[in-house]
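Heads up: the sequence lines are chains A and B, in that order.
Last residue of the first sequence: 648 in numbering that gives the first Met the number 0, with the numbers rising by one and none dropped.
Last residue of the second sequence: 272 in numbering that gives the first Met the number 0, with the numbers rising by one and none dropped.
If you're looking for bench data, these hints aren't it; they were derived computationally from the structure.
Each hint should be verified, as a subset may be incorrect.
[Stated by the list, open to error] Here are the simulated lysine-lysine pairs, DSBU-like style, with alpha carbons at most 30 angstroms apart:
#, chain 1, residue 1, chain 2, residue 2
1, B, K71, B, K223
2, A, K546, B, K31
3, B, K250, A, K546
[Stated by the list, open to error] If you only want the chain B side, here are some residues facing chain A, beta carbon under 8 angstroms, derived:
#, residue
4, D14
5, L16
6, T18
7, M35
8, P37
9, Q75
10, S80
11, P199
12, N203
13, N204
14, P205
15, Q206
16, G208
17, M212
18, M216
Backbone N, C-alpha and C fix where the C-beta goes; we use that ideal spot for every residue, glycine too.
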Amino acid sequence: MSEPLGGSAAAGARAGEAAEAAAGVAGAGAGVAVDAAPEVGDVERQTLEADIVCVGFGPANAGFLTVLSRGLAESPSVESRVMPGMPPQIICYERADDTAFGVSGIATRARAIRETLPDLDPSQIPMAAPIARETVVYLLDPVGASRRPFAMRAADTALRALRRVDEHAFELPTIPPFLRKHGGLVLSMGQFMQWAGANVMGGGIAQIWPGMPVASSVFDGDRVTGVRLVDQGVDHGGRPDAAFMPGMDIRAALTVVGDGPVGPVGRALDERFGLPEGHHRREWAVGMKMVVELRDGSGLEPGAVLHTIGYPEREIFGFLYVLPGNLASLGIFVPSWFDSPVRTAYRYLQHWMLHPYLWRHLEGGALRSWGAKSLDESGRAGEPRLVGDGYVRIGEGSGSTNVLTGSGVDEAWATGAMLGDGVLELLRAGKPLTRENLERAYLSRRRASWVEKESREAEHARDGFQRGIVRGFLGMALAGMTRGRLGCRARARRTHERIPTLESYYKGRIAPEEIDAIRRDSASRGLPLHDALMDRAGWPAVPLDGKLLVSHQDALLVGGKVQAPAGYADHVAFLYPGLCEGCGTKICIEMCSGQAIAPGENGVPAFDREKCVHCGACLWNCAKPHPEDPERGTIAFRAGAGGLHSAEN
Amino acid sequence: MTSYQIVVCGSIVPDPLQTLEPITTPQGPALKNEMMLPAVLDPWAGHALYEAAHLAAKAPGSKVWLVALAPKAKLQQVMMSIAQKVPFELVAIDGPAGGFTEPHAVASALAEAIRAIPGLDPSRLLVFGGWESASRGAGATMQMVGEILGITDQFQGVDEIAAADDGSFRVLERVEGGQHQVSVCAGAPALFGWATGNLPEPPNNPQVGMANMRTAMPALAKAKPAPAAGDAAAFASVALPQQRRETRIVKDMGSEEIAREIVAWIAGEEVAP
Numbered sequence: 000m001s002e003p004l005g006g007s008a009a010a011g012a013r014a015g016e017a018a019e020a021a022a023g024v025a026g027a028g029a030g031v032a033v034d035a036a037p038e039v040g041d042v043e044r045q046t047l048e049a050d051i052v053c054v055g056f057g058p059a060n061a062g063f064l065t066v067l068s069r070g071l072a073e074s075p076s077v078e079s080r081v082m083p084g085m086p087p088q089i090i091c092y093e094r095a096d097d098t099a100f101g102v103s104g105i106a107t108r109a110r111a112i113r114e115t116l117p118d119l120d121p122s123q124i125p126m127a128a129p130i131a132r133e134t135v136v137y138l139l140d141p142v143g144a145s146r147r148p149f150a151m152r153a154a155d156t157a158l159r160a161l162r163r164v165d166e167h168a169f170e171l172p173t174i175p176p177f178l179r180k181h182g183g184l185v186l187s188m189g190q191f192m193q194w195a196g197a198n199v200m201g202g203g204i205a206q207i208w209p210g211m212p213v214a215s216s217v218f219d220g221d222r223v224t225g226v227r228l229v230d231q232g233v234d235h236g237g238r239p240d241a242a243f244m245p246g247m248d249i250r251a252a253l254t255v256v257g258d259g260p261v262g263p264v265g266r267a268l269d270e271r272f273g274l275p276e277g278h279h280r281r282e283w284a285v286g287m288k289m290v291v292e293l294r295d296g297s298g299l300e301p302g303a304v305l306h307t308i309g310y311p312e313r314e315i316f317g318f319l320y321v322l323p324g325n326l327a328s329l330g331i332f333v334p335s336w337f338d339s340p341v342r343t344a345y346r347y348l349q350h351w352m353l354h355p356y357l358w359r360h361l362e363g364g365a366l367r368s369w370g371a372k373s374l375d376e377s378g379r380a381g382e383p384r385l386v387g388d389g390y391v392r393i394g395e396g397s398g399s400t401n402v403l404t405g406s407g408v409d410e411a412w413a414t415g416a417m418l419g420d421g422v423l424e425l426l427r428a429g430k431p432l433t434r435e436n437l438e439r440a441y442l443s444r445r446r447a448s449w450v451e452k453e454s455r456e457a458e459h460a461r462d463g464f465q466r467g468i469v470r471g472f473l474g475m476a477l478a479g480m481t482r483g484r485l486g487c488r489a490r491a492r493r494t495h496e497r498i499p500t501l502e503s504y505y506k507g508r509i510a511p512e513e514i515d516a517i518r519r520d521s522a523s524r525g526l527p528l529h530d531a532l533m534d535r536a537g538w539p540a541v542p543l544d545g546k547l548l549v550s551h552q553d554a555l556l557v558g559g560k561v562q563a564p565a566g567y568a569d570h571v572a573f574l575y576p577g578l579c580e581g582c583g584t585k586i587c588i589e590m591c592s593g594q595a596i597a598p599g600e601n602g603v604p605a606f607d608r609e610k611c612v613h614c615g616a617c618l619w620n621c622a623k624p625h626p627e628d629p630e631r632g633t634i635a636f637r638a639g640a641g642g643l644h645s646a647e648n
Numbered sequence: 000m001t002s003y004q005i006v007v008c009g010s011i012v013p014d015p016l017q018t019l020e021p022i023t024t025p026q027g028p029a030l031k032n033e034m035m036l037p038a039v040l041d042p043w044a045g046h047a048l049y050e051a052a053h054l055a056a057k058a059p060g061s062k063v064w065l066v067a068l069a070p071k072a073k074l075q076q077v078m079m080s081i082a083q084k085v086p087f088e089l090v091a092i093d094g095p096a097g098g099f100t101e102p103h104a105v106a107s108a109l110a111e112a113i114r115a116i117p118g119l120d121p122s123r124l125l126v127f128g129g130w131e132s133a134s135r136g137a138g139a140t141m142q143m144v145g146e147i148l149g150i151t152d153q154f155q156g157v158d159e160i161a162a163a164d165d166g167s168f169r170v171l172e173r174v175e176g177g178q179h180q181v182s183v184c185a186g187a188p189a190l191f192g193w194a195t196g197n198l199p200e201p202p203n204n205p206q207v208g209m210a211n212m213r214t215a216m217p218a219l220a221k222a223k224p225a226p227a228a229g230d231a232a233a234f235a236s237v238a239l240p241q242q243r244r245e246t247r248i249v250k251d252m253g254s255e256e257i258a259r260e261i262v263a264w265i266a267g268e269e270v271a272p
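All chains should be modelled from the sequences, with the hints used to inform the complete structure.
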C-alpha cells in the first residue's frame, strides 16, 4: 500500500470550506488550517515504471545526468530492471516550462563543472565568459535614505574626508581570497541549463520533461517508491475541471531529489523525517536580477565581476557580471536577516541600479530579462538527510551551497556528479540502489569531497549577521581567513522571529498614526505598503524610463515573460486565514517578487497565479509561525506550473 | 469509420514572448541570438496537431506523423514539451525556422519528407498544417505542399472538420466577416490548413511522452538537412513593427470601461489611472 508524501494526503478540508470555517473564528486564533494540496478523492492514477526518477532539472541534476548518461553510454551491458534488455530508464521532471527558465546570476570557479567536462569551451555556451576582473565595492548612500549604523556613518565620513570616494563608492583595494573566482566563468543560468540539457538529451539515455511539476513523493511505509505528478485539468482550488487528468505515479527504485530549496518534494521529506539534530533552515535570501543590454560604450568588459555592499540598505548585497554580447547580469540579494517588514526586492533593485557608481554604466541600457529566486542561505547548517530508503538529495536543497564563498551552482553540480559516479559504480557492479549501497557510493564520496570540506569551513561564517552587519562581516572575514576555525557564532532565529512590526521598524521616522493611515489607504486600493512607506522614509521616486527602469508589472511581462497555463491548481495557499486576518505585518505581500500576493478580502491575502514567478519567498516571509511547527510559516507553497519564460536569466 | 494516415506539417517558432530582433547575416536575415531563445510549437501547427490526434482517436487504426523542419537541437528541446501532448511519430528535417525561410523551399522539403514516409496510402492520406505557418502569414506554404503532392482537395482557415461514416468530411473554413464557409469533401486525400480549431491544448501525459520519444529520438538522430533555399528570395530589409507599450494590470474591469479607455487612448486623451 502506497501513499503520497506530505500534506497532500492529509488534506482534510477543501480550501473553500476551510476558508469559510476560518472566517467564522476570525480573531479567535489560528482558525482552521487549509492543509496542503486539495484532494480530488479516490481516482485511478496511471503508473509508469522507471529505474531512476529525478525531481527538478537544475545544476545538480544536470551534473548527475551528465555523468550518468555518459557513463551508461560507455556501459552497454547495464540493463534496465523494469525493462530488461533496454538501457536503464532514467526520467527527470522539471516544473518550469523549459529547461532554460532557471534564474541565477552565476560567477563560479567551475571546478566541478570542468572536472565533469574537461574539454569545456565557454564559447560554446551562450552568454558565458571567463572571469577577467573582480571588484568588491562599498557603496555609500547618495540619497540619504538608507539606514546606516554608527560604524558605517563613521566609515563614510572617513572615506569622504580622505578623498577615497568616487561616484559615492569605494573600491576595496583587494578581495579576500575566499571570495575570489579567478579562473572561473560568468554564466547565464538559463543558457547553461539549456546547453547542459541538450547535451544530456542528445545522449539518448535520459529524458528531461519540462512543464511537469512533481507534487509529492510516493511512499510505501518509510520507503520512497517514486513520485506523483501534479493533477491537471483542475480549477484554482484543485477540484476536477474540464480535461481532468490525475497526476501519474512514477515508480522507481531511486528518486533523486534535486528540486532546490523551495521544492515541495524535498521539503516534504524534511517534514516527514525531520532535519538532522542541530540543523535548521532559518537563513534565506531572495535574489532578484535582471539581464540588461548595455549601451555601446558602457565601460564594462565581458568577464568583469562586481560585488557591492552597503547600499541601498546595509543588509542588501549586489552583483553585476558582464556577459558577452554587451549584456550584464545584475541584481541584489535581500536576506532574511534584513529585519524590515516591507523588504521589497524590486524597488530596492531599482535604487541600487540608480546608484551613481552603477548608473554611469547602466544608463541608456534596456531590460532584456528579469527574474527572482529564493536562496537557502543556511548552507551546511541546513543539510537534510541526504540518503534514505529509495531516495537521495542533491543540490541546493541538500545544503550544498557554500555561504562563505557565495557559491552554489558549482557545488550543486558537484553533488550531482558525485551521485552520478556512485550510481554508475553500483549499476556496473549489478548492485541494487539501496540505502546502504548509496551511503557507500554517494554519501562517502560527498563526505570526502572538497564540497564537504569547504562547506564545513563555511558552516558558521554568516552567523554574525544574526547580530548585525558589522559582526557579520567580521565573522565572514575570520571564518575565511582561518578556514572556519574562528568566527562570530550566534543562534539563528526563526524567520518569523525576526520580523518586526511596522511601527517598531519605522519608530522615530514615521508616526504610528501615519503608518495606520498608510495601511488603511493601501488596503483600500489593494496595494502593498512598501512604496508609500519608502516614499515617506525619504527614498526618491524611481524615474521610470520605459526601457530599463520599468514598473514592476512590466518587469514581469517584458522581462520575465511570466505565464500560468490553465488547468492547474493555485500553488500558494494561506493555511490559517484566521491568523492572516489578525496579521498587521503582511510581509508576504511586500516581499512577493511578482506582486502575485496582494491585499485580499477580510485581511486575508489574495494569490494571483498568473503573476507568480515561483521564487518561493512567501515560504519564509510570513510573520506568523505555523501552529504545529514553529520552523514554518503559515503559507503553503506547492508544486505549480508556469512562471518565468525567459531563457536569459 | 475510415482509418486515416494523418501527416501534420508543424515546426517550431521562437517563443513570441521573447525579445525578437532581426539581424542581417552573411546567409541572409536571421533573428538575433536565435539559438539562445526558447522555442515553442508554431501555434497554428499546434491546433492542427491536436485536431489530428483527436480525429485519429475517433478513427481506430489511424496514425499521426509530425513532419517538422527546424534546427535539430531546438526541435529536440521543444519535443520534450510537445511529445507529452498527443501520440505521433516524428519526421525531422534539420533546417532554419526563424521566420526567414521561403515558402516554396519549405513546402518542397516538407513534401519530400512526406513522400519518404514508408507505407503511405494516398487513399487514406490527410495532410494537416497551420494555415499561415512558415509563410509570414501569407498562407502559401501548405497550399504548395498540397500542390507538390498532387492533392487537389485543399481547405484553408479550417476551424472544424466532421468525418462521416462514408469517409467524407464536412469542413468549416473561415471567410470574410467572421463567417464560415461549409464544404463537403468526398474524402482522402485532402489537405487542411488549420486556423484555431476548437480543441484546447491537451494536458501533458507522461506516458504519451515516453511512447513518442521512442521514435522521436531516432528521428532526430537521422534528420536530414533541408536543401538550401538558394537564391529564391532576396530580403531587401527586415524590421520589427513599431510598437508603443503601456501596461497596466487591472482586474475585474468592465468591458465598457476598457473600451472607453482604449478609445480615449487612441484619441490621445488623458486617462485617469
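Going through the hints against the structure:
1. B:K71 x B:K223: Since the Cα atoms of K71 of chain B and K223 of chain B sit roughly 9 angstroms apart, the hinted pair holds (cutoff 30 angstroms).
2. A:K546 x B:K31: Holds. K546 of chain A to K31 of chain B sits at ~19 angstroms (cutoff 30 angstroms).
3. B:K250 x A:K546: holds (25 angstroms)
4. D14: holds (6 angstroms)
5. L16: holds (4 angstroms)
6. T18: holds (6 angstroms)
7. M35: holds (4 angstroms)
8. P37: This interface hint holds because 5 angstroms falls under the 8 angstroms limit.
9. Q75: At 6 angstroms from the nearest chain A Cβ, Q75 of chain B passes the 8 angstroms test, so the hint holds.
10. S80: holds (5 angstroms)
11. P199: Holds, about 7 angstroms.
12. N203: Holds, about 6 angstroms.
13. N204: This interface hint holds because 7 angstroms falls under the 8 angstroms limit.
14. P205: Nearest chain A Cβ about 5 angstroms off; hint holds.
15. Q206: holds (6 angstroms)
16. G208: Check passed: Cβ of G208 of chain B comes within 6 angstroms of chain A, closer than 8 angstroms.
17. M212: Holds, because the Cβ-Cβ distance from M212 of chain B to chain A comes to roughly 6 angstroms (cut-off 8 angstroms).
18. M216: With a minimum Cβ separation of about 5 angstroms from chain A (threshold 8 angstroms), the hint on M216 of chain B holds.
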